[in-house]
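Undergrad: Residue numbers (the working numbering), protein chains in the order written: chain A, 1 to 425; chain B, 1 to 462.
Just so you know, these hints were derived from the structure itself, not from any lab.
Only a predicted model underlies this, so the values are computations on that prediction, with no experimental measurement involved.
Ideal Cβ placement from N, Cα and C applies to all residues, glycine included.
Be careful, since some hints might not be right.
To be verified - Here are the simulated DSS-like pairs of lysine-lysine, each with C-alpha atoms no more than 27 Å apart in a straight line:
hint	chain 1	residue 1	chain 2	residue 2
1	A	Lys320	B	Lys39
2	B	Lys360	B	Lys265
3	A	Lys21	B	Lys360
4	A	Lys303	A	Lys240
5	A	Lys240	B	Lys456
6	B	Lys452	A	Lys240
7	A	Lys320	A	Lys303
8	B	Lys272	A	Lys21
9	A	Lys21	B	Lys265
10	A	Lys79	A	Lys128
11	B	Lys360	A	Lys16
12	B	Lys456	A	Lys303
13	B	Lys456	B	Lys360
Claimed, not checked - A few chain A residues facing chain B, derived, Cβ under 7 Å:
hint	residue
14	Arg26
15	Val35
16	Ser39
17	Ala228
18	Leu232
19	Val267
20	Phe272
21	Leu355
22	Val360
Claimed, not checked - Here are the computed distance ranges between Cβ atoms for each label pair:
hint	chain 1	residue 1	chain 2	residue 2	range
23	B	Ser212	A	Tyr72	48 to 56 Å
24	A	Gln96	B	Ser212	52 to 60 Å
25	A	Leu37	B	Gly198	46 to 54 Å
26	A	Arg423	B	Ala401	53 to 61 Å
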Amino acid sequence: MTNQRSQAEIVRQSLKQRYRKERRFRLYGITAIAVALLSLVVLFTDIIGKGYTGFIKTTMTLEVVLDGEQMYLDDPTDKDQIAMADFQAPIIAALQRYFPEVESRKDVRELSRLSGNYASNQVRDLLKAQPNLLGTTQTLEFLVHDTVSVYVKHADNPAYSIRLSDQQQRWVDELVEQGVVTTSFNDVFFSRGDSREPSNAGILGAIVGSLLTMLVTLVIAFPTGVAAAVYLEEFAPQNKLTDFIEVNINNLAAVPSIIFGLLGLAVFIGVFGMPRSVPVLGGLVLALMTLPTIIISSRAAIKSVPPSIREAAEGIGASKMQVVMHHVVPLAMPGMMTGSIIGMAQALGETAPLLLIGMVAFIVEVPEGFFSSATVLPVQIYQWASSAEQGFVELASAGIMILLAFMISMNALAIWLRRRLERRW
Amino acid sequence: MQTANLLPLILVIAVIAYGLAYMRSRSVAGPLGGIRNLKALPFYYAARAALWCAIPALIVLSAWAAFEGKVIQNLVVSSLPVELLPTSAGEASLLMSQINNVAAGKLNPNFVPAEVVGAADQLGALKAQSSQFKAVLVVLIAVLGAAFAWSRVQPQINARENVERALRWIFFACAAVAVLTTVGIVFSVIFETVRFFGKVPITEFLFGTSWSPQTALRADQVGSDGAFGIIPLFTGTLLISAIALLVAVPTGLLSAVYLSEYASKTARAVIKPLLEMLAGVPTVVYGFFAALTVAPFIRDLAEMIGLEASSQSALAAGLVMGIMIIPFVSSLSDDVINAVPRTLRDGSLALGATQSETMKSVIFPAALPGIMGGILLAASRAVGETMIVVMAAGLAANLTANPLDSVTTVTVQIVTLLTGDQEFDSAKTLAAFALGMMLFILTLALNMIALKVVRKYREQYD
Numbered sequence: 001m002t003n004q005r006s007q008a009e010i011v012r013q014s015l016k017q018r019y020r021k022e023r024r025f026r027l028y029g030i031t032a033i034a035v036a037l038l039s040l041v042v043l044f045t046d047i048i049g050k051g052y053t054g055f056i057k058t059t060m061t062l063e064v065v066l067d068g069e070q071m072y073l074d075d076p077t078d079k080d081q082i083a084m085a086d087f088q089a090p091i092i093a094a095l096q097r098y099f100p101e102v103e104s105r106k107d108v109r110e111l112s113r114l115s116g117n118y119a120s121n122q123v124r125d126l127l128k129a130q131p132n133l134l135g136t137t138q139t140l141e142f143l144v145h146d147t148v149s150v151y152v153k154h155a156d157n158p159a160y161s162i163r164l165s166d167q168q169q170r171w172v173d174e175l176v177e178q179g180v181v182t183t184s185f186n187d188v189f190f191s192r193g194d195s196r197e198p199s200n201a202g203i204l205g206a207i208v209g210s211l212l213t214m215l216v217t218l219v220i221a222f223p224t225g226v227a228a229a230v231y232l233e234e235f236a237p238q239n240k241l242t243d244f245i246e247v248n249i250n251n252l253a254a255v256p257s258i259i260f261g262l263l264g265l266a267v268f269i270g271v272f273g274m275p276r277s278v279p280v281l282g283g284l285v286l287a288l289m290t291l292p293t294i295i296i297s298s299r300a301a302i303k304s305v306p307p308s309i310r311e312a313a314e315g316i317g318a319s320k321m322q323v324v325m326h327h328v329v330p331l332a333m334p335g336m337m338t339g340s341i342i343g344m345a346q347a348l349g350e351t352a353p354l355l356l357i358g359m360v361a362f363i364v365e366v367p368e369g370f371f372s373s374a375t376v377l378p379v380q381i382y383q384w385a386s387s388a389e390q391g392f393v394e395l396a397s398a399g400i401m402i403l404l405a406f407m408i409s410m411n412a413l414a415i416w417l418r419r420r421l422e423r424r425w
Numbered sequence: 001m002q003t004a005n006l007l008p009l010i011l012v013i014a015v016i017a018y019g020l021a022y023m024r025s026r027s028v029a030g031p032l033g034g035i036r037n038l039k040a041l042p043f044y045y046a047a048r049a050a051l052w053c054a055i056p057a058l059i060v061l062s063a064w065a066a067f068e069g070k071v072i073q074n075l076v077v078s079s080l081p082v083e084l085l086p087t088s089a090g091e092a093s094l095l096m097s098q099i100n101n102v103a104a105g106k107l108n109p110n111f112v113p114a115e116v117v118g119a120a121d122q123l124g125a126l127k128a129q130s131s132q133f134k135a136v137l138v139v140l141i142a143v144l145g146a147a148f149a150w151s152r153v154q155p156q157i158n159a160r161e162n163v164e165r166a167l168r169w170i171f172f173a174c175a176a177v178a179v180l181t182t183v184g185i186v187f188s189v190i191f192e193t194v195r196f197f198g199k200v201p202i203t204e205f206l207f208g209t210s211w212s213p214q215t216a217l218r219a220d221q222v223g224s225d226g227a228f229g230i231i232p233l234f235t236g237t238l239l240i241s242a243i244a245l246l247v248a249v250p251t252g253l254l255s256a257v258y259l260s261e262y263a264s265k266t267a268r269a270v271i272k273p274l275l276e277m278l279a280g281v282p283t284v285v286y287g288f289f290a291a292l293t294v295a296p297f298i299r300d301l302a303e304m305i306g307l308e309a310s311s312q313s314a315l316a317a318g319l320v321m322g323i324m325i326i327p328f329v330s331s332l333s334d335d336v337i338n339a340v341p342r343t344l345r346d347g348s349l350a351l352g353a354t355q356s357e358t359m360k361s362v363i364f365p366a367a368l369p370g371i372m373g374g375i376l377l378a379a380s381r382a383v384g385e386t387m388i389v390v391m392a393a394g395l396a397a398n399l400t401a402n403p404l405d406s407v408t409t410v411t412v413q414i415v416t417l418l419t420g421d422q423e424f425d426s427a428k429t430l431a432a433f434a435l436g437m438m439l440f441i442l443t444l445a446l447n448m449i450a451l452k453v454v455r456k457y458r459e460q461y462d
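Next up, chain A with everything else stripped away, as it sits in the complex:
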């Protein structure tokens, strides 16, 4: 009896410690989840914090006197004169009206650096288009220089003002106060291609490039993937060849994406002589990369169609192909589409293979077709993120937000499709 009681005693005594261990174990689990979710939150806040300024542009509105004498220009229709004329001069003069004390060459140069690098081009293009404006006074809106833009957008943070001299900072403050320099929604960002100047660079080129590339990927990968899945699930005989195909698909799903870039470089460019940096090539490489994902999810969708449907169709005399094409594939379609959308979202965010096939080139124009040089969203982000200038970092995070918005909406579409169309048997 005493022995038994002591056994119970031992258990009871250890119980407290065991419960404490239990609680500790639970805590580990919660901590792990908290760490993972916290990194997600930090990631998103970091990107939004860095990037929201990318959606803001800084402009200055000036009364510019288009004085022909000042620009060394008396006939804007003359090509040679246009090439030689000084279009920066009227902008400097307009700025000097706010700061009459600026006279020395050095100061004037500093003052002129407040306006963006493309401001003089803007004046030139205006005069080229409307030569009769020569000699008149126009109210024009210019993008400010990148350093000024960064300074204005981060007015409360001294770390962002280091690229401007004290004098320039004073001028900018003055101009902001007078309402000459203002900030507004960055429409430039959504209407242009890349540029060497951050405030002039836009993401439209990359978005169009991404859309073209994804279209090629979709057109190649979706039918091929569905057909392959149908073959493997419905027609493939049990033999070595089928096994070999299956092993290949499973391995391809795990091959690092950069290897597909090597494939594109060596085979499509090297052997078949396809042009570099075009959406067709990018789409082809990404299609090969997403194919395993689409095949695997399509097979799962086909598997989930109950055998009773096949049997019923076969029972009334349908051929195997009719069973598949009239019944199995339409019923499995929502599942296949869900898998494909998720695969496409992955392809949309893929960067590494596209770097190797030359989609990393600096391309200013918005691509016009499947065979014109293009870049895509993630590569554009990579390029901006690798530039040293603060203005580009903003653009990179703004680009990331757009990329994430695309991906989240694609995934939401996939979830919606699954909820809406998928049947439970």
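Add chain B to chain A, keeping to what the hints say.
TA: Frame of chain A; chain B shown alone:
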């Protein structure tokens, strides 16, 4: 005519063939007393006509488009006088680009030898001829195919069988694309790798401890022969992957355990998709985060406690990569834990063990092989990951185990060697393919082992 324009043309011809065959099958069926007297429905006669029209034409078109460029190039080069014939691969590519540029009007013909201008003219003529021939041939084949199928719209022929057999072959071809891709990958790396080993001995590549692929342009330059020792790259890759796994494995595993054992249904429904979001974020975003936020943070932190850290430390890249593979580990371990039979768990709980004791001494040992498989898969992910390391790890091939130092990886070197200026045939470019082959073999091996382990584990409880 451009290949891209021929595709819609073929499609249009196919649609016309479909319509004609459909109408003919109906008119053939008319005198017999309706379509029930045909061997197949009109749809199948029509579909067969469309297939006969499109498939041969497409095959010829793609073959032509694939080899057109090379054949024309060879014809042009062989027509050049002997003294202009290129002696090396570099000269050949220079010559070709000269000819191309003159032909495209980008290069002033006065700047190049007259023979090159002649070649450019010939190139233009050949190209024009080729595309004419191509267009005529393809359209001819399409029309002939359609005509043949049209003439075969006969009531005693079972078109359905033909169409179904053709579809089966098309489906098979689609499945075979996966095999072709693998073959393509293997061939694309193997040829260049063999050529690379012709320039750099394989032993030096595998066992060399220094990596500096800068080959000099002139023979007398300092450091003219680059060093191609892969060991620093592999240690760098392993260091970063190890850091990533150190982050991802405990976090992923513990969150999977919590989610499958403790969390309520609603918590699970909220947390799981959030965790999976981590896997959906593009790698370039992680790279940005690692390079611009985590790396400076780690450098400042290390400085505060008096350590010297590189601004491109292995630690930053590894940490962020670890965050990326957390959901990978957690969903794999979740599957594995759920595959442990309920009876094992119930038995342990019935003996009075707490949930954590059950987990630690019953479920975990039972699930261990599966978890190991999952970790191997995660490791292969980490080894092949590119963008994070390209953006956050450095280029300097240091042979070090210090996580605060800058290291470089196999994938970073592939990207650096193949972007920017490249000369085909130089050891530098070829080295990238050799690295690609190593990477392919390594990840393939990891995957094969992992899949085998996981499968064996599944079979154990099925």
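Undergrad: Can you confirm whether the C-alpha distance between A:Lys79 and A:Lys128 stays at or below 27 Å?
TA: 9 Å, holds
Undergrad: Looking only at beta-carbon atoms, does the pair A:Gln96, B:Ser212 fall within the given range of 52 to 60 Å?
TA: Holds, since A:Gln96 and B:Ser212 (Cβ atoms, about 54 Å apart) stay within the stated range.
Undergrad: Hold the hint about A:Ser39 up to the distance rule: shortest CB distance to chain B must be less than 7 Å.
TA: Interface hint status for A:Ser39: holds (5 Å vs cutoff 7 Å).
Undergrad: Would you check whether A:Ala228 satisfies its interface hint, that is, whether its CB is within less than 7 Å of any CB in chain B?
TA: Result: holds, 4 Å to nearest chain B Cβ.
Undergrad: Using the Cβ atoms, figure out if A:Arg423 sits within 53 to 61 Å of B:Ala401.
TA: This hint holds: roughly 55 Å between Cβ atoms.
Undergrad: Hint check: B:Lys456 vs A:Lys303, CA-CA at most 27 Å. Holds or violated?
TA: 22 Å, holds
Undergrad: Please verify whether A:Lys320 and A:Lys303 have alpha carbons no more than 27 Å apart.
TA: Holds, at about 16 Å.
Undergrad: Do B:Ser212 and A:Tyr72 keep their Cβ atoms within the hinted range of 48 to 56 Å?
TA: 53 Å, holds
Undergrad: Between B:Lys456 and B:Lys360, does the CA-CA distance stay at or below 27 Å?
TA: With Cα atoms ~22 Å apart, B:Lys456 and B:Lys360 stay inside 27 Å; holds.
Undergrad: Holds or violated: is the Cβ of A:Val267 closer than 7 Å to a Cβ in chain B?
TA: 5 Å, holds
Undergrad: Hint A:Phe272 vs chain B: min CB-CB distance below 7 Å?
TA: Holds: closest Cβ of chain B sits about 5 Å from A:Phe272, inside 7 Å.
Undergrad: With a cut-off of 7 Å on the beta carbons, see whether A:Leu355 makes it to chain B.
TA: This hint holds: A:Leu355 lies near chain B, its Cβ roughly 6 Å from the closest one there, short of 7 Å.
Hint check: no violations occur; every hint is consistent with the structure.
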